[in-house]
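**Student:** All chains should be modelled from the sequences, with the hints used to inform the complete structure.
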Amino acid sequence: MSKILTVGSLSKIFPGQVALTDFDIEIEAGSTHALVGQNGSGKSTFIKILAGYHAPDPGAAAHIADQPLPLGDGRAAHGAGVRFVHQDLGIVDALSAVENISMGVGYTTNRWGRIRWTDDTARAVDALDDLGFTDIDVTVPVGSLAPSQRTAVAIARALIGWEDGANLLVLDEPTASLPGADVERLFAAIRRLKQRGVAILYVSHHLDEVFEIADEVTILRDGRRVTTVSTDAVDHEGLIELMIGHKLEKREATKRTAAAGEGGLRVRQLTGGTLLGADLDVGPGEIVGVAGITGSGREMIAPLITGQIPSDDGTVTVGQTPIPNYAPRAAIQAGMAFVPIDRATLGVLPLESVRTNITLADLRRHWRGGRLRHGDERAEAAELIETLSVKTPSTETAVAVLSGGNQQKVLFARSLRLTPQVLVLDDPTTGVDVGAKEEILQLIEQAAATGAAVLVASTDTDEIVRIAHRVVVMVDGRINDEVSGADMTAENIERAQLQTTKAGV
Amino acid sequence: MAAPAIDLDAADDTPQPSVWSRIGLDRFSGLYLLALFFVFFGFTEDNFLQWNGSIEFVLTEKVIVCMLALAFLVPMTTETFDLSIGHQMALSLVIVNKIALETDLPDMLGAVVAMLACLVVGALNGLIVVGFRVNSFIATLGMSQVVAAVIRRIHDRGQITAALGDDYVNFGKRDVFSFSWPGSGSEISLPYYFFYGLIVAVIVWFVLEHTPVGRHMFATGGNREAARLSGVKTDRLTWGSLVASSAIAGFAGLIYSWKFGTYGSTVGPPLLFPAVAAVFFGASQLRGRPNVWGTIIAVYTLAFGIKGIGLRYPREIDWMQPLFEGLTLIIAVGIASRQGIIKVRKRRVDVEHEPPPRSR
Chain A
1 MSKILTVGSL SKIFPGQVAL TDFDIEIEAG STHALVGQNG SGKSTFIKIL AGYHAPDPGA
61 AAHIADQPLP LGDGRAAHGA GVRFVHQDLG IVDALSAVEN ISMGVGYTTN RWGRIRWTDD
121 TARAVDALDD LGFTDIDVTV PVGSLAPSQR TAVAIARALI GWEDGANLLV LDEPTASLPG
181 ADVERLFAAI RRLKQRGVAI LYVSHHLDEV FEIADEVTIL RDGRRVTTVS TDAVDHEGLI
241 ELMIGHKLEK REATKRTAAA GEGGLRVRQL TGGTLLGADL DVGPGEIVGV AGITGSGREM
301 IAPLITGQIP SDDGTVTVGQ TPIPNYAPRA AIQAGMAFVP IDRATLGVLP LESVRTNITL
361 ADLRRHWRGG RLRHGDERAE AAELIETLSV KTPSTETAVA VLSGGNQQKV LFARSLRLTP
421 QVLVLDDPTT GVDVGAKEEI LQLIEQAAAT GAAVLVASTD TDEIVRIAHR VVVMVDGRIN
481 DEVSGADMTA ENIERAQLQT TKAGV
Chain B
1 MAAPAIDLDA ADDTPQPSVW SRIGLDRFSG LYLLALFFVF FGFTEDNFLQ WNGSIEFVLT
61 EKVIVCMLAL AFLVPMTTET FDLSIGHQMA LSLVIVNKIA LETDLPDMLG AVVAMLACLV
121 VGALNGLIVV GFRVNSFIAT LGMSQVVAAV IRRIHDRGQI TAALGDDYVN FGKRDVFSFS
181 WPGSGSEISL PYYFFYGLIV AVIVWFVLEH TPVGRHMFAT GGNREAARLS GVKTDRLTWG
241 SLVASSAIAG FAGLIYSWKF GTYGSTVGPP LLFPAVAAVF FGASQLRGRP NVWGTIIAVY
301 TLAFGIKGIG LRYPREIDWM QPLFEGLTLI IAVGIASRQG IIKVRKRRVD VEHEPPPRSR
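In order, the protein sequences belong to chains A and B.
The letter at position 418 of the first sequence is residue 418 when you use my numbering, and the numbering goes up by one with no holes.
The letter at position 137 of the second sequence is residue 137 when you use my numbering, and the numbering goes up by one with no holes.
Derived from the structure by calculation, the hints contain no laboratory data.
Do not rely on the hints blindly, as some may be mistaken.
Partial selection, computed: residues in chain B whose CB lies under 8 Å from chain A [stated by the list, open to error]:
no., residue
1, T161
2, A163
3, T211
4, A226
5, A227
6, K233
To list a few chain A residues with every Cβ distance to chain B over 10 Å, as calculated [claimed, not checked]:
no., residue
7, A29
8, D215
9, E241
10, G314
11, T345
12, L346
13, G347
14, L349
15, E352
16, T356
17, Q446
18, A486
Note that CB positions come from ideal geometry on N, CA and C, so glycine has one too.
**Tutor:** Set out below in structure tokens:
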């Protein structure tokens with residue numbers, strides 16, 4: 001087979017750090033090639049060099065379809081038929097799908113320069129249809145769409161006008177916020193492209209996806225290519241070992257039943273958005289998972305319980321304290337802590353320090369004698385940074401410069417510091433690398449072990465199975481099923497998620 | 001998207017702190033500039049270093065701009081603009097003068113009425129911004145015109161002079177201390193209102209930097225929704241910051257009444273620009289975000305610069321002053337934001353590629 005992309009001798013040294021050392025990769029025409037590695041392994045540097053953000057150090061050579069490709073030149077990469085869908089999607093929330101797509105590929109205009117909206121709309125609808133997303137209202141701001149639909153818009157934009165001379169599509173963490181069924185839709189689209197002979201470079205933290213979609217996988221560790229193997233020749237555990245360089249100390253999943261007791265979280269007839277009424281109890285020390293495809297109500301349950309968005313009906317009780325509707329402050333004061341799903345817009349204060357981000361939810365403990373004791377506060381922040389192994393240069397570093405996983409740990413520090421009775425989490429490990437993910441899951445288990453009632457809504461079925469004592473499955477706005485014990489497997493949960501959806505088709 | 005979209009080209013710079021930032025030219029550019037003015041104009045202009053010639057004049061006159069700047073700064077921390085502060089200052093000033101002119105009430109009661117009037121305006125600003133969710137920029141811009149109308153209804157044009165009693169004026173104007181500088185004829189003195197202003201500045205500084213309220217205000221400005229979800233009362237803080245802003249603006253009017261003892265229809269609104277400029281210039285100083293002492297440094301740096309230029313080019317100062325103020329603001333903020341960007345870039349690269357978990 002011919003190679004669509006070959007890169008050799010690629011090094012990149014940032015001041016003080018080596019990001020890539022003599023990296024090479026070869027991608028077969030028409031194949032799907034996965035690139036995996038922990039955060040900091042150099043994979044984002046490679047993608048950025050390919051996209052032209054960084055110039056490589058001298059000596060690197062790259063060819064695309066046997067033509068030399070200058071690296072570090074975004075325009076040349078674009079001209080050579082390489083397209084990117086980056087993790088943050090690069091779409092403007094306030095604009096519609098039509099506008100986002102046209103913004104990327106150019107508006108069609110008549111000879112007076114007036115935009116041909118009908119043509120542009122048709123083009124956007126067609127492109128999304130090709131991806132199997134026929135359910136998107138292309139005229140509303142994309143900010144109001146589901147995460148999966150936003151991803152589809154970004155991919156559609158990358159694909160438009162690209163059929164001729166299409167060579168390589170780079171998908172950087174495209175499924176970061178997609179639930180199972182939507183991932184399948186994305187994969188269907190990828191397979192279609194593959195049949196057309198388009199090669200795909202697929203960057204992901206989700207190893208299951210790698211096995212499902214990729215033909216080959218290249219593993220990066222500490223800026224070097226460890227190896228490239230066929231996905232048939234390696235298994236899940238083997239791949240993790242290659243990524244982290246040693247065996248993962250996989251903790252035996254503790255499947256003890258939760259200690260029964262007073263308190264915990266009590267939810268009755270909670271209604272709002274896609275959620276049509278949920279009853280749920282989580283006891284102290286218990287971890288309850290919530291599974292469901294997007295639109296099943298799963299995505300609404302954590303925001304409604306915590307008061308991030310107003311509910312239409314229903315009650316939430318922490319211990320004996322009823323929580324008023326749409327009142328996160330009251331929830332926190334009653335003993336609830338939570339980490340919102342979108343850490344960038346709902347979680348961190350990006351330009352404030354790690355310290356102020358951690359202590360935000362309770363400053364009273366450092367408020368003594370009429371002023372804030374900054375020294376104490378720094379000491380407490382440093383202690384939490386240590387405990388949660390947040391990788392940050394100092395307590396005073398702005399949170400925005402940390403990696404996603406470390407930002408998430410900062411938010412966990414903010415919540416766990418409150419020693420909550422109830423902890424509500426929404427996709428707690430989105431966009432977090434393997435090592436940090438395991439650490440976060442352990443934090444969740446520790447919180448439960450010390451008596452917190454923990455609710456975890458997640459699109460990552462494996463994650464739920466790994467930590468939850470029982471899992472409720474949402475279908476069409478209601479809790480449709482509950483699994484626990486030996487029945488609690490990813491297969492059972494995914495099947496249960498799709499039950500009525502399938503029956504309806 | 002809160003994560004700043006930054007390209008990493010500049011990561012190729014050396015990671016060592018540049019000479020520029022090691023001697024503090026970034027965070028203390030205002031102080032350096034101030035020192036430069038003192039050295040240059042001190043040598044070239046005879047009057048510049050005279051206490052009675054320039055220094056006292058600038059120190060006392062600019063207290064008013066400092067107050068207005070603080071009035072702008074307080075809501076700014078919650079990312080709320082108050083553009084009505086100049087008019088509120090004028091409102092306070094016209095009320096205190098009008099009551100003195102046309103009633104037998106004590107002047108100090110007039111001052112209390114003036115402050116109350118400003119608090120009402122601040123509460124209305126808060127109601128419109130928080131209650132009706134009107135963009136603060138628009139809401140307070142509109143409110144400034146409403147206040148302008150009220151001022152004209154109270155006193156239609158023209159000055160009010162000599163209405164205020166001596167007791168009232170002396171409350172602010174008498175000297176705290178006064179002594180002769182040995183070996184020269186200079187009489188060193190500072191009036192009470194200068195220290196009233198200083199007290200306001202210390203209070204604002206303390207609340208912003210050393211109390212949970214201040215921390216919550218900055219959190220609200222940093223990411224309103226994230227702050228709300230962490231239990232911060234973002235609406236109440238926004239409202240409160242607008243009321244505090246009005247109180248400080250009203251107090252600026254009182255200081256004017258103590259210093260000059262008059263009302264003029266052109267007083268107040270023209271000071272909005274220097275006040276806003278000082279807050280943004282000041283945000284490039286010291287801590288790298290809006291802060292009290294940076295703002296005050298900015299006010300005095302600009303003021304002494306203009307004073308020096310005025311002494312050197314007495315006939316040109318009329319057009320040079322706005323030019324100087326405008327350019328200084330743009331350059332200072334331009335340098336600061338450039339360095340902020342580089343800093344974030346460098347740190348981001350540091351963290352991405354070399355993760356030594358160090359807590360200080």
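**Student:** Look at each hint and say if it fits the structure.
**Tutor:** Each hint, compared with the structure:
1. Of the supplied interface hints, the one on B/T161 is violated, with its beta-carbon coming no nearer than about 44 Å to a beta-carbon of chain A, more than 8 Å.
2. A hinted interface residue such as B/A163 counts as satisfied when its beta carbon comes closer than 8 Å to some beta carbon of chain A; here the least separation is about 41 Å, so the hint is violated.
3. Interface restraint check for B/T211: the shortest CB-CB distance to chain A comes to about 6 Å, inside 8 Å, so the restraint holds.
4. Given the 8 Å rule on beta carbons, the hint for B/A226 holds: about 5 Å separates it from the nearest Cβ of chain A.
5. Interface restraint check: B/A227 against chain A, minimum CB-CB distance 7 Å, threshold 8 Å, status holds.
6. The restraint placing B/K233 at the interface with chain A holds, with a minimum CB-CB distance near 7 Å, inside the 8 Å limit.
7. With a least CB separation of 31 Å from chain B, A/A29 remains clear of the 10 Å interface cut-off, as annotated.
8. Listed as outside the interface, A/D215 is consistent with that label: its C-beta sits roughly 29 Å from the nearest C-beta of chain B, beyond the 10 Å cut-off.
9. Consistency note on A/E241: stated as away from chain B, and its beta-carbon is indeed over 10 Å from all of that chain's, at 21 Å minimum.
10. Once the 10 Å rule is applied to beta carbons, A/G314 is consistent with being away from chain B; the minimum gap is 20 Å.
11. Residue placement check: A/T345 does not keep its beta carbon more than 10 Å from all beta carbons of chain B (closest about 6 Å).
12. Its beta-carbon lying about 6 Å from the closest one in chain B, A/L346 breaks the requirement of being farther than 10 Å from that chain.
13. Non-interface call for A/G347 relative to chain B: violated, since the shortest CB-CB distance, roughly 5 Å, does not exceed 10 Å.
14. Its closest Cβ contact with chain B, about 4 Å, brings A/L349 to no more than 10 Å, contrary to its assignment away from the interface.
15. Its closest Cβ contact with chain B, about 5 Å, brings A/E352 to no more than 10 Å, contrary to its assignment away from the interface.
16. Annotated as non-interface, A/T356 brings its C-beta within 10 Å of a C-beta of chain B; the closest such distance is 7 Å.
17. With a cut of 10 Å on Cβ distances, A/Q446 stays outside the contact zone with chain B, its closest approach being about 19 Å.
18. At the 10 Å boundary, the C-beta of A/A486 stays outside the reach of chain B, the nearest C-beta of that chain being 37 Å off.
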